[in-house]
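One line per chain: the protein sequences are A and B, in this order. The opening residue of the first sequence carries number 1 in our numbering; numbering runs sequentially from there. The opening residue of the second sequence carries number 1001 in our numbering; numbering runs sequentially from there.
Do not rely on the hints blindly, as some may be mistaken.
Covered stretches of chain A (in silico footprint by chain B; criterion: 3 or more residues with CB under 8 Å from a CB of chain B, positions within the stretch not fixed) [claimed, not checked]:
1. 133-145
2. 156-168
3. 296-307
Calculated cross-link-like contacts (lysine-lysine; reagent style DSBU-like; alpha-carbon spacing at most 30 Å) [stated by the list, open to error]:
4. A/Lys101 - A/Lys227
5. B/Lys1073 - B/Lys1062
6. B/Lys1103 - B/Lys1190
7. B/Lys1103 - A/Lys227
8. A/Lys227 - A/Lys147
9. A/Lys227 - B/Lys1062
10. B/Lys1103 - A/Lys147
11. B/Lys1073 - A/Lys227
12. A/Lys147 - B/Lys1015
13. A/Lys72 - A/Lys101
Example chain A residues on the side facing chain B (calculated, C-beta under 10 Å, incomplete) [stated by the list, open to error]:
14. Trp53
15. Met78
16. Ile251
In short, the hints are calculated from the structure, not lab data. Built from N, CA and C at the ideal position, the CB exists for glycine as well.
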Amino acid sequence: MTTVESYAKITHVEAAPRGLIGGAPIVLDETKRKYRREPGFPVPILIAPATAWLIVFLFLPLISIFIFSFWKTTGHGMSPAFTLEHYRDFFITEGFFDPNKPEFLTPSVFIRTLWTTFRFTITVMAICLILAYPLAYFLSMQVEDFKWQLTLFLLAMVPFWTSYLIRAVAWLPMLGRHGLINEFLVGIGVIDEPVSFFLYSEFSYTMALVQLYVVLAVGPIFFSLAKIDRTLLEAARDMGATPFQIFREIIAPLSLPGVAIGMIFVFVMIMGEFATAVVVYGGKTSTTGTVILNYYAIANYPFAAVNAFMLMLAMMIGVVIILRLVDIRKEL
Amino acid sequence: MARSTPEHRRKFRVKAGFSVYYAIFLIFVYGPMFAMFTLSFQGPRGGVTFPMRGLSFFWWEKLTGPSAVGDLKASLGRSLILAIVVMIITALFSTMLAMAFRKRFRGSGALFYAVMSGLMVPGVLLSLGLASMLRQLGMSPAWWYSALGVHVVWTLPFGFLVMMAVFNRFDARLEEAARDMGADEWTVFKEVTLPLITPGIVAAGLFGFTLSYDEFARTTLLAGANNTLPLDINASLTQRVQPTLFALGTASTIFSLLMIGVFIVIYTILYRRSR
Chain A
1 MTTVESYAKI
11 THVEAAPRGL
21 IGGAPIVLDE
31 TKRKYRREPG
41 FPVPILIAPA
51 TAWLIVFLFL
61 PLISIFIFSF
71 WKTTGHGMSP
81 AFTLEHYRDF
91 FITEGFFDPN
101 KPEFLTPSVF
111 IRTLWTTFRF
121 TITVMAICLI
131 LAYPLAYFLS
141 MQVEDFKWQL
151 TLFLLAMVPF
161 WTSYLIRAVA
171 WLPMLGRHGL
181 INEFLVGIGV
191 IDEPVSFFLY
201 SEFSYTMALV
211 QLYVVLAVGP
221 IFFSLAKIDR
231 TLLEAARDMG
241 ATPFQIFREI
251 IAPLSLPGVA
261 IGMIFVFVMI
271 MGEFATAVVV
281 YGGKTSTTGT
291 VILNYYAIAN
301 YPFAAVNAFM
311 LMLAMMIGVV
321 IILRLVDIRK
331 EL
Chain B
1001 MARSTPEHRR
1011 KFRVKAGFSV
1021 YYAIFLIFVY
1031 GPMFAMFTLS
1041 FQGPRGGVTF
1051 PMRGLSFFWW
1061 EKLTGPSAVG
1071 DLKASLGRSL
1081 ILAIVVMIIT
1091 ALFSTMLAMA
1101 FRKRFRGSGA
1111 LFYAVMSGLM
1121 VPGVLLSLGL
1131 ASMLRQLGMS
1141 PAWWYSALGV
1151 HVVWTLPFGF
1161 LVMMAVFNRF
1171 DARLEEAARD
1181 MGADEWTVFK
1191 EVTLPLITPG
1201 IVAAGLFGFT
1211 LSYDEFARTT
1221 LLAGANNTLP
1231 LDINASLTQR
1241 VQPTLFALGT
1251 ASTIFSLLMI
1261 GVFIVIYTIL
1271 YRRSR
């Protein structure tokens, strides 16, 4: 019998008459060890404040949008009810079912606004990706020195930390009839006299949105490209792969999660956009965001809520489609 | 180049092409801002576009003068206080959350997605939801609580991701050693953990400060009677645009850049010290 075994035997025997020696068991209970406190501060204390904050300022507002969309308007506010009339107003204009009316089978203005917002968002998102990818590729693959990489990356990202309203305003002197772009084009002789379609048009709106949000796409793509194992590229090169093959077979697939995250960022931001249109489009177009604010301003809260809910739904569909195309779980 | 093989020349050309692209990108992103900076020094008779009609501080003086759009000094003050409070809460919450996520706990997945959804929900939805909710409760929104609330929802995911990255590279053996020598949890945190993660906390704070200072969409319906600076800028957009707005934009952008610079300097100093 070894020392340890004899010790265990003795302890066991002496532990048996429990309750006689002050009631405390001497052997360490296995189950007790399992529930021993992990080192560090207790989790509930660490997460409680942030969780409470998110419930009050994120979940309750979103849930109230859903609830309020069924309430009825009272002219200066709303009162609890269950009505679907706001949803009907959202989808169906008067004369929708009447073959004699010009509105026959024409989608309502709200659906058309949501559709325009969606279509426009997709366009801007595509342009952002096309512009962001080469930039992220340059920073992660072509710049070898880490310090330079960081500096150039930060330089491209700094505008994200400045006011986006002001960045939108800054387009005014560029795009106007006497703006820099017109002056430049007249100067090099492309056009004879200044054209006016640069400002307060779909062109200016697209330009401004791309400039405002393109940095959001650069970040995630850069990080996913920077994470690619360089030895993979070496190996492919050693086996005689051309640069294009390396890109198509290795770099592109491995950077897809970053592309997807960038797409989601840009997508949700532009779907909820409402201020830029006023600045550079002169308020000539409406996005679902502006519709929501307009109905809030005239105290039709339930209808604003319906528009908001439909916007949320459209965004969720978009995000789900992106997630279906690309599996980003590896990235998280 | 020492060895001028065709392969080297090709690589060099590719690199040069990408560099030119990077430069064009910077011009695209910064160009309009520089045009705005220049035009803020427009002469008194000049307009909001080129050419410059003289060079003056006329519009800058107008900005600081009493006839300015609204009460800019007061709204700047409110924006700053709000940004500082958001910075502190963001730094605190993201540190606490990231410390919790070092362990496994029930509901961690749900909490992770809850924090991240702050990135995904557009400001206009949060504004509308919270504003109409408060209205129904008979409360009126004010910048110091309702705007503060949604600002933190927006900045928290950024700070959280920064702190998660910090703890990913964190050597937990240092804490173990302190614990083995008999230190209690507070001492371990104060003497070992905190000094090592301070640079990360500063970076999380940077996101809190700058994103809140410039936030417009989330403040729209939630500032109540008193405007923050972005709201005043938006209000002045509905009037006839004057170079005063450019002066204001320039001042605000320079301030943002200064703050980023200050944060980066503090970060670098703390980072060197924590090594």
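Status of each hint after checking the structure:
1. 133-145: holds (count 6)
2. 156-168: holds (count 10)
3. 296-307: With 4 residues closer than 8 Å to chain B, the segment 296-307 of chain A meets the three-residue bar; holds.
4. A/Lys101 - A/Lys227: Given pair lysine 101 of chain A, lysine 227 of chain A is violated - Cα atoms ~59 Å apart, limit 30 Å.
5. B/Lys1073 - B/Lys1062: Between lysine 1073 of chain B and lysine 1062 of chain B the Cα gap is close to 13 Å, so the pair holds against 30 Å.
6. B/Lys1103 - B/Lys1190: holds, 19 Å
7. B/Lys1103 - A/Lys227: holds, 25 Å
8. A/Lys227 - A/Lys147: Between lysine 227 of chain A and lysine 147 of chain A the Cα gap is close to 16 Å, so the pair holds against 30 Å.
9. A/Lys227 - B/Lys1062: At roughly 51 Å apart (the allowed maximum being 30 Å), lysine 1062 of chain B and lysine 227 of chain A break the hint.
10. B/Lys1103 - A/Lys147: violated, 33 Å
11. B/Lys1073 - A/Lys227: violated, 45 Å
12. A/Lys147 - B/Lys1015: holds, 17 Å
13. A/Lys72 - A/Lys101: holds, 28 Å
14. Trp53: holds, 6 Å
15. Met78: Where the cut-off is 10 Å and the nearest Cβ of chain B is about 8 Å from methionine 78 of chain A, the hint holds.
16. Ile251: violated, 14 Å
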